[in-house]
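Trainee: Sequence:
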Amino acid sequence: LPDCLTDLVQKSELQTRCPQRWYKIAIQKLLALNDHLAAEGMWRRARALSRNGRFPSQRADDLFLREEDAAIPWPSIHQTPTIWIRGLSGQPFWDCHAIWPFVRTLEVHANRILQEARNAAPRLTAAYPYLFGRGSWQNFFLFRKKAWNREVCNVMPQTCHLLVPELPTKLGVPFVVPNNEEIVLFRSEPGAFVAPHSGAVNNQINIHLTLTGGEGVFMDVGNERRELRSGAAMCFQDSFAHSVVHSCDSTGSAEGGGPARQGLGCSERISLVIRVFHPDFAASHYVGASHTDAEGNLSTWNESSVLRAEVDSLRRQYKILSDVHDKFRSQVEERPCLAPEPTNADLNMAQQLLSFLSTPFHQ
6 LPDCLTDLVQ KSELQTRCPQ RWYKIAIQKL LALNDHLAAE GMWRRARALS
56 RNGRFPSQRA DDLFLREEDA AIPWPSIHQT PTIWIRGLSG QPFWDCHAIW
106 PFVRTLEVHA NRILQEARNA APRLTAAYPY LFGRGSWQNF FLFRKKAWNR
156 EVCNVMPQTC HLLVPELPTK LGVPFVVPNN EEIVLFRSEP GAFVAPHSGA
206 VNNQINIHLT LTGGEGVFMD VGNERRELRS GAAMCFQDSF AHSVVHSCDS
256 TGSAEGGGPA RQGLGCSERI SLVIRVFHPD FAASHYVGAS HTDAEGNLST
306 WNESSVLRAE VDSLRRQYKI LSDVHDKFRS QVEERPCLAP EPTNADLNMA
356 QQLLSFLSTP FHQ
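Taking the numbering used here, the leading residue of the sequence shown gets 6, the next gets one more, and so forth.
Hints were generated in silico from the structure; no laboratory data involved. Misleading hints may appear alongside valid ones.
[What the hints assert, rightly or not] Label pairs and their in silico Cβ distance ranges:
no.: 1; residue 1: Arg321; residue 2: Ser55; range: 43 to 51 Å
no.: 2; residue 1: Asp100; residue 2: Glu308; range: 24 to 32 Å
no.: 3; residue 1: Phe98; residue 2: Asp74; range: 24 to 32 Å
no.: 4; residue 1: Lys324; residue 2: Ala43; range: 51 to 59 Å
no.: 5; residue 1: Phe98; residue 2: Pro170; range: 45 to 53 Å
No residue lacks a Cβ here, since even glycine has one placed at the ideal position from N, Cα and C.
Please build the complete structure, drawing on both the sequences and the hints.
Mentor: Given below as structure tokens:
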């Protein structure tokens, strides 16, 4: 334990530190067991640790340090990430469209993205086996650790074409953790339950676009619950404890047993998740920090080099996408899409519709 506590002094606040990590694991295990009282007690112990790595002389359970004095200034049991960045606002759900305009474009193209996602389905593998309580939960990554998955983009060219200009969202800001920004496709089946968990740091937002099967699937974030909707995006802060219940009833109970939704929610759910930086996160949040998990020693991080690397990456990616587009267009030209010959019934229906639309409207 003493060696663990020294992390609070020897490591930067923007690095994974032993006490924070283990308190997070303990609290989220207790939440998964629905023992909120014990989770509250564990959170209070974490909040009693001072920035010099010491507990107070009085009982930790009875002390609540101010944010500026606490080594682990988590505001509640609902928000306990491994790394806490001071000065960032926090709320479970965010207004996707007001902050990230490209979300509307993704919603418009949701059906096309879904078609490509189904073509890429053979690449799905089990997602975070240590998190889900039961059922089937799978994923694969399109963008991870600042790199695009070329094989996936070959199968999902339109999706990558829409997203390549959008990530990274803050080129002049170093990553705190390797997965600060990434794109992942998730698939779950009826009966799946993903236990409460939170992301690594409070500076990231998940843009969760449900492509199909949203009805009957519930997302719990903090102490709020929302039902997913096919073709619509939902944004939440990854640092809040969140869980997923893929049920086939109207209650969203992890145990099921509620009234059936007449088939709604009883199908696979496919979602595209784009993880982005908190909109207020900036270089100023690195003041006083020497290292991060993603970049290591910040003194070696160079913004100009990062920008040059990103320009080169964009050029390569657009060349790849252009080649895929040209290949697709040549295939279409070889096999033109011809409309079927209309039947007499089709022609009669069209004539009736034209006559109706041509009739003057009289009040």
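Trainee: Holds or violated: the 24 to 32 Å window for the beta-carbon distance between aspartate 100 and glutamate 308?
Mentor: The hinted range 24 to 32 Å holds for aspartate 100 and glutamate 308, with Cβ atoms some 30 Å apart.
Trainee: Given the hint of 51 to 59 Å, is the C-beta distance from lysine 324 to alanine 43 inside that range or not?
Mentor: About 55 Å separates the Cβ atoms of lysine 324 and alanine 43, which means 51 to 59 Å holds.
Trainee: Starting from the hint 43 to 51 Å, judge whether the C-beta atoms of arginine 321 and serine 55 obey it.
Mentor: holds (49 Å)
Trainee: How does the Cβ-Cβ distance of phenylalanine 98 and proline 170 compare with 45 to 53 Å: does it lie in that range?
Mentor: For proline 170 against phenylalanine 98, whose Cβ atoms are near 26 Å apart, the range 45 to 53 Å is violated.
Trainee: Using the C-beta atoms of phenylalanine 98 and aspartate 74, is the stated range 24 to 32 Å upheld?
Mentor: holds (30 Å)
When each numbered hint is compared with the structure, a violation occurs for hint 5 only.
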